[in-house]
Amino acid sequence: MTLEPTPSQTIGPYFGHALPHPAGGRIAPTGHPDTVTVHGRVLDGCGAPVDDALLEFWQPAPDGSRTGAPGSLRRDPVDGTAVGRDGVAFTGFGRVATGADGGYVVRTLRPGGVPYLSVCVFARGLLGNLFTRAYLSQAADPLLSSLDARRRATLIAVPERTGVHRFDVRLRGDGEHEETVFLAFR
Amino acid sequence: MPEPYRGALSRQPQRPLVVVDDPEAVELTGPVFGAADVTAIDSDLTRQHPGQPLGQRITVSGRVVDRTGRPVHGQLVEIWQANAAGRYAHRRDQHHAPLDPNFTGAGRCLTDDQGHYRFTTIRPGAYPWGEHSNSWRPAHIHFSLFGTAFTQRLVTQMYFPGDPLLPLDPIWCGVPDADRQRLVAAYDPELSVPGRALGYRWDIVLDGGPR
Ligand SMILES: [Fe+2]
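In the order they appear, the protein sequences are chains F and B. Residue numbers are given in the working numbering: position 74 of the first sequence equals residue 74, and the series is strictly consecutive. Residue numbers are given in the working numbering: position 168 of the second sequence equals residue 168, and the series is strictly consecutive.
One or more of the hints may lead you astray.
As the list claims (entries may be wrong) - With beta-carbon atoms standing in for the labels, derived distance ranges:
(1) B:ALA35 x F:SER65: 18 to 26 Å
(2) B:HIS132 x F:GLY31: 51 to 59 Å
(3) F:SER65 x B:GLN94: 39 to 47 Å
(4) B:ARG57 x F:CYS46: 38 to 46 Å
(5) F:SER65 x B:PRO4: 38 to 46 Å
(6) B:PRO167 x F:ALA184: 30 to 38 Å
To be verified - Sample of chain B residues lacking proximity to chain F, with all beta carbon distances greater than 10 Å (derived):
(7) MET1
(8) PHE33
(9) ALA126
(10) SER135
(11) ASP163
Keep in mind the hints are simulated off the structure, nothing from the lab. Backbone N, C-alpha and C fix where the C-beta goes; we use that ideal spot for every residue, glycine too.
Let the sequences and hints guide you as you build the complete structure.
Shown next as structure tokens:
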């Protein structure tokens, strides 16, 4: 049996009271000494910041486990308010909305077994979500090695200083800047 | 039939997607959620405030399955919507319609063992938007879904049967003909709660996923 999938539709501009959750970008357990910060901006084809995008991150735990863990968006059982992570469990999942400058920040731990974070991009004006990857190192990787240098560079989360990487998502090229590589999966 | 919505050009990639054909890709697994991520009341959008929201009370439920028909169990379903007057509880929505102090319009639940989800809410109102002059979005509920793989991630919209705005809506009409009706829920008397709520059924099929 093969069922036809439900079509996707744009996330629209009004998800902000529903999807983002407190400390959604704080994937690393509180105060973890190996915390890596990944930050950047989401930009459109004119180089303008996209201030209403939602980014999601998914990754293995540092030990390489890909099972994830619940607790990314814990709720208070008494009053239902969002209380966020417990600061201990590594859920592998992050979710952040971009700010007025198109910026976002996630703090996480390096994934075990692979050099990248999986990134899913939603925004008003996109009919569906886009997948890309933020590579924290340029270790041998089948996807990176399949791309020419200019395209490959769009997937590299560039080290700025110890423990801080910059990863911009450019939804569309502007002639001068290369558009981010977006992925489809077989 | 309106010109179908194609989205904002400046936000859409020009280059073709790069195909990853790697059985070890991280995206073939995905995040999980659990009991601590939702409370029982999160699936009842009419009980999140001291008073009752205005509008027609409805239940919306259905099953989440993958393309082989397997239920997606224990996964997160999130919804958000306008209130009965067609206004979102969102600062950027400046539509000149009243906010409802008893309605936020956001909810979440986990699917059960058979992939079922269920929400109680109110029927959202239609609202105007700037696509073209006098353009109105048909009543809809935004849905966000997770499967067992990150590749199955889906954000979409559910519509109501018989809405005269549907054939005029560029966003609904932006979906190919054959697929469009699958975004429209069915009225289901079995799901109606006597004396309390009208019932709608909407099943969801997630694409992709592990082979
Ligand atoms: Fe909407």
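| Honestly, which of those hints from before does the structure not fit? | Violated hint (a single one): 8; every other hint is consistent with the structure.
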